[in-house]
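**Q** Protein chains in written order, with UniProt numbering: chain A, 1 to 209; chain B, 1 to 209; chain C, 1 to 209; chain D, 1 to 209; chain E, 1 to 209; chain F, 1 to 209.
Calculated from the structure, these hints are not laboratory results.
Careful, some of the hints might be misleading.
Copies of one chain are not kept apart here, so a pair can be met inside one copy or by any two copies together.
[What the hints assert, rightly or not] Below, simulated DSSO-like cross-link-like pairs (lysine-lysine); rule was C-alpha separation at most 27 angstroms, straight line:
#	residue 1	residue 2
1	K24	K156
2	K194	K113
3	K124	K24
4	K156	K113
5	K22	K58
6	K58	K156
7	K22	K194
8	K173	K113
9	K131	K194
10	K24	K113
11	K113	K59
The structure displayed is predicted, hence computed values, not measured ones.
There are 6 protein chains.
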Amino acid sequence: MGIHTYFLSLNDLERIIRCPGKFKFEEHSVSAHSWKVVQYAKTLADIEESRGVAVDWKKLYEITSSHDYGEIFIGDIKTPVKHHSLELRAMLQKVEEGMVAHFIDEHIPEEFKPIFRRQLREGKDDSVEGKILEVADKLDQIYEAFAELRLGNLEKEFVVMYRNALIKIKEIKLHCVDYFFDSILPDLVQEGSKSPIDIEQITREALSS
Amino acid sequence: MGIHTYFLSLNDLERIIRCPGKFKFEEHSVSAHSWKVVQYAKTLADIEESRGVAVDWKKLYEITSSHDYGEIFIGDIKTPVKHHSLELRAMLQKVEEGMVAHFIDEHIPEEFKPIFRRQLREGKDDSVEGKILEVADKLDQIYEAFAELRLGNLEKEFVVMYRNALIKIKEIKLHCVDYFFDSILPDLVQEGSKSPIDIEQITREALSS
Amino acid sequence: MGIHTYFLSLNDLERIIRCPGKFKFEEHSVSAHSWKVVQYAKTLADIEESRGVAVDWKKLYEITSSHDYGEIFIGDIKTPVKHHSLELRAMLQKVEEGMVAHFIDEHIPEEFKPIFRRQLREGKDDSVEGKILEVADKLDQIYEAFAELRLGNLEKEFVVMYRNALIKIKEIKLHCVDYFFDSILPDLVQEGSKSPIDIEQITREALSS
Amino acid sequence: MGIHTYFLSLNDLERIIRCPGKFKFEEHSVSAHSWKVVQYAKTLADIEESRGVAVDWKKLYEITSSHDYGEIFIGDIKTPVKHHSLELRAMLQKVEEGMVAHFIDEHIPEEFKPIFRRQLREGKDDSVEGKILEVADKLDQIYEAFAELRLGNLEKEFVVMYRNALIKIKEIKLHCVDYFFDSILPDLVQEGSKSPIDIEQITREALSS
Amino acid sequence: MGIHTYFLSLNDLERIIRCPGKFKFEEHSVSAHSWKVVQYAKTLADIEESRGVAVDWKKLYEITSSHDYGEIFIGDIKTPVKHHSLELRAMLQKVEEGMVAHFIDEHIPEEFKPIFRRQLREGKDDSVEGKILEVADKLDQIYEAFAELRLGNLEKEFVVMYRNALIKIKEIKLHCVDYFFDSILPDLVQEGSKSPIDIEQITREALSS
Amino acid sequence: MGIHTYFLSLNDLERIIRCPGKFKFEEHSVSAHSWKVVQYAKTLADIEESRGVAVDWKKLYEITSSHDYGEIFIGDIKTPVKHHSLELRAMLQKVEEGMVAHFIDEHIPEEFKPIFRRQLREGKDDSVEGKILEVADKLDQIYEAFAELRLGNLEKEFVVMYRNALIKIKEIKLHCVDYFFDSILPDLVQEGSKSPIDIEQITREALSS
């Protein structure tokens, strides 16, 4: 069958839970995460535009909304596995891409095949839009980890998730990254100041690393 | 505070459940629904473009991704209430818009206020993008109802939800609506043919009404 | 249909969750809340009787057990909306009452219509029973908020909920209110003394406000 | 401590699930069940009164609202155990009563001890109120089982639960029981007529047994 | 029917939750608990063997894997009830054993009856294997309570559960118990050192009691 | 740290859900699945012994209880991926084994390293015990799929899961496999005879394939 099969498949991402068993206070489905990435990216792109940068909104729409669609086929493979070795990471990405390609070949009507191939590609390239997607994806890791840390989840995993996302964002050159460090992160740290975990110190360490 | 307050608020939509207590097989959060609307709209717009219609992707991005953001303030008010009377419907919309406006006034920095006012407005106008949003929103009602009907949920509510969404879509003039009735709906009906509920008949009745 | 439709509808309140997304440690359905209000009210009325006040137990039974039945039609509209403006509050109450009246007209047999109209009316009037209901309803907000605060939920919402309920109860003249402040609240504060949140201080501030 | 300990304990019944693992479509907490019993009993008593029978509302209030409070101490012991033998049933009841008595001795202030002893006694005696409680308790088993059977839950347990409750109600002489068989049960059977399980036949068998 | 009935029944233990309503951060089914007891016991027995003690692995397999099977019939009766009095405890054990015996009589084929009677007996005798089971069962109470205490659950129940399990293990003479106190417990206490609850002190008090 | 780290890690498998999003009626954690495999294997081995086959209970204990421990590191990778290609399957197994080896190197004390390496190896070899594990693992797929099919879950996935497991078991030469086909499967098919899905036909097709 055709587009129906694709539309029906979207439902499945609502029931794939990120990092199963780790979040104690707020669980996140892949579809909810995807929506938040779409939302962050929109505001980040607004900031770029307000600084005079041209944004290709069609491309941004395509790469943010579908950036985790491939997890329908391989689930949320635990992050430690993903980063265990460059070799493994490359292997897994090849597998995921192979399954997406197979899905398009089998289910998407001929006239839309090129469109789906473009939309379901890995979007984190060096374009403005690719970099915005990378920042938005990491931003959600920050907010997901923050929600756990703020309520006292002591699992080391969330400190690592929070810190690594900050470090990754720091390396990306965008006006919206400057805005994040100047005008968003301080409010977040302030909001977390009553937490039993010292979010300010974790933040400081990440920024100076 | 500023954009941080907005970003943090996105989390809340993950925990607002649509039509609480009615879905027996698959529950849906407002954020997961929002993501699926973004996805349907993208493919619907692709169909329009392939038929030569110009699409404003930035506008489409803005109105689809945020179309239910206001539910953060008023929750998922049961559909029967929404449609109980035109007067009530207008009252509730006024309340929701008032709270969104209040949120922007209080939390969004001056330079982004106009952007947020535009993004968080009601998007279902008569433009191509507004009509695509309307179709995408109803499409998700069809798929949500379908998932329940297929598994034998006998609550009348889902027959009504499925039928009304079909009738609403039928009234909208778009190439993608033709495509839906020609090439997507038949596959969906076919997929539901083993259900204890006669989805084909419900569909036929809706189409001929 | 008749009473059957009413009995069947009771089930729906089990699946309507209060303040969706806010409670991190213990969620509450409207039906569980309703039961606790019935229980508190019984003990509060026992205290009144022991001080020589006459209690109309039939009336108390009727107004406590059904006080949130109308939420079947409009769901748990977020408290901030309810209190956003007096105008809005009045509008929402009118809507809820209209839907309850419509339900009785359509489903309840003629001979029981007057009984249901009396039972499903707003019960918080100035009678002893109406005031006991108000205290019992607020008491449950105190216990619901307490359970979150005690475990370290830092959302401001629960401090507000706890404080406002205390302030509201303080204004009501009943022997059982005196008993609550003298003999129940001190035990509650004592029980919360190991919490990371300073429940004693929040309580003191509310009492002196 | 005193009444606070009792109020705090009410929360626990929200998290004790009836027949754990058996309900596939709608789970029920002991507190939600208790509230529904309070509601059914109110309407059943209204029917009695309308037929000229005097109802002691204070007693009815007391015995319906607290009739499963003892499950805080012993949980929801599976029904098969309860009825396994008369000897076992008596043993379990003795245990539950012992723990309730112990709780009152330890936590309830002197002046309220007699009240709590009366309220937390087994209420299903031969008075009108005791018989109404018995009917209301069984009515909820009927509605709980009905919700599962209607959606196709094939576990024999629910047929047994539904049938036994009907048989038990049939034996009780009350006007409201006549009303139930004449004016409520037919609507329920009608509502279940589209179920894959033949609810009408199960009902007929129970009534003629 | 035969073995099929037994195999099918195993599923039910996945949906019986231990201490319902008490665990706020991580709930445990009886089947998950049973698996962890199997795992702990395996390592404890490895330690015994490495110290030269002979282990009957078939017996250990039988008694650990099935040690809570009887809860299918009586549910997870709250621990306080179990230990309320020696008389009650004996009564409940008799009931559970009676129901297990009844199940074997009715469902297990003749040739396997003796095997099932042996496997489903109470396994905590004075043999090495019986003592390992006792330690493994208590170890899981320690880890279950630890997970709650570490995240700040202030319910006294978990301090009691943790302490009593430690005290019980201390009384058992096995090499693996020495190993636990020397090489496992210190790491656990260290891991809990950032908790808002003073796990080290609770541990010290239990050990010196 | 040492054995403590291993014991603590067992908890994580309670929160990894098998085939997330697919089971509509009964979800299964990896730990609950592991326990059921232990239970089936015990009875299967009893059957072998009763037919005169020698069983190494220590080995059986080791390989059944830990056969999915590696999923702590890579999660429940969707079955379709596992079987997508022999090359991919080999890659994933290598990754999982690498992470288990790494865990043992880093956390298990020197004296137990050989034991853990043996226990956490892939156990499905050609020995009696290895074959029993394979049958037990597939048996649980049959029972998991059966529970969904019986209640009317129409997802093709469960028909495939049920059929493939039957076909796989059929190929294994063991007395207990004969017993399963002669004395267990017929009861299961009989139990499923009222299902809206024709379980008997699916079974017949699998057996004749």
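**Q** For every hint, state whether the structure bears it out.
**A** Each hint, compared with the structure:
Proximity of K24 to K156 under the C-alpha cut-off of 27 angstroms is found in both arrangements, the shortest distances being 13 angstroms within a copy and 20 angstroms between copies. When the C-alpha separation of K194 and K113 is checked against a cutoff of 27 angstroms, the pair qualifies neither within a copy, at 51 angstroms, nor between copies, at 29 angstroms. Taking identical chains as interchangeable, the C-alpha atoms of K124 and K24 are never at most 27 angstroms apart, the minima being 30 angstroms within one chain and 34 angstroms between chains. Taking CA atoms no more than 27 angstroms apart as the test, K156 paired with K113 passes between copies only; the shortest distance there is 25 angstroms, against 43 angstroms inside one copy.
For the homomeric pair K22 and K58, neither the shortest alpha-carbon distance inside one copy (35 angstroms) nor that between copies (33 angstroms) is at most 27 angstroms. Taking the shortest alpha-carbon separations for K58 and K156, neither the intra-copy value of 38 angstroms nor the inter-copy value of 35 angstroms comes in at or below 27 angstroms. Within a single copy, K22 and K194 get their C-alpha atoms as close as 22 angstroms, and across copies as close as 18 angstroms, so both meet the 27 angstroms cut-off. In the homo-oligomer, the alpha carbons of K173 and K113 lie at most 27 angstroms apart only across protomers (25 angstroms), although the nearest pairing inside one protomer, at 34 angstroms, exceeds that limit.
Proximity of K131 and K194 under a CA criterion of 27 angstroms is satisfied in neither setting, with 33 angstroms inside one chain copy and 37 angstroms between copies. In this assembly of identical chains, K24 and K113 lie within 27 angstroms of each other by CA distance neither inside one copy nor across copies; the values are 41 angstroms within and 32 angstroms between. Taking the closest pair of Cα atoms, K113 and K59 come within 27 angstroms of each other both inside a single copy (17 angstroms) and across two copies (25 angstroms).
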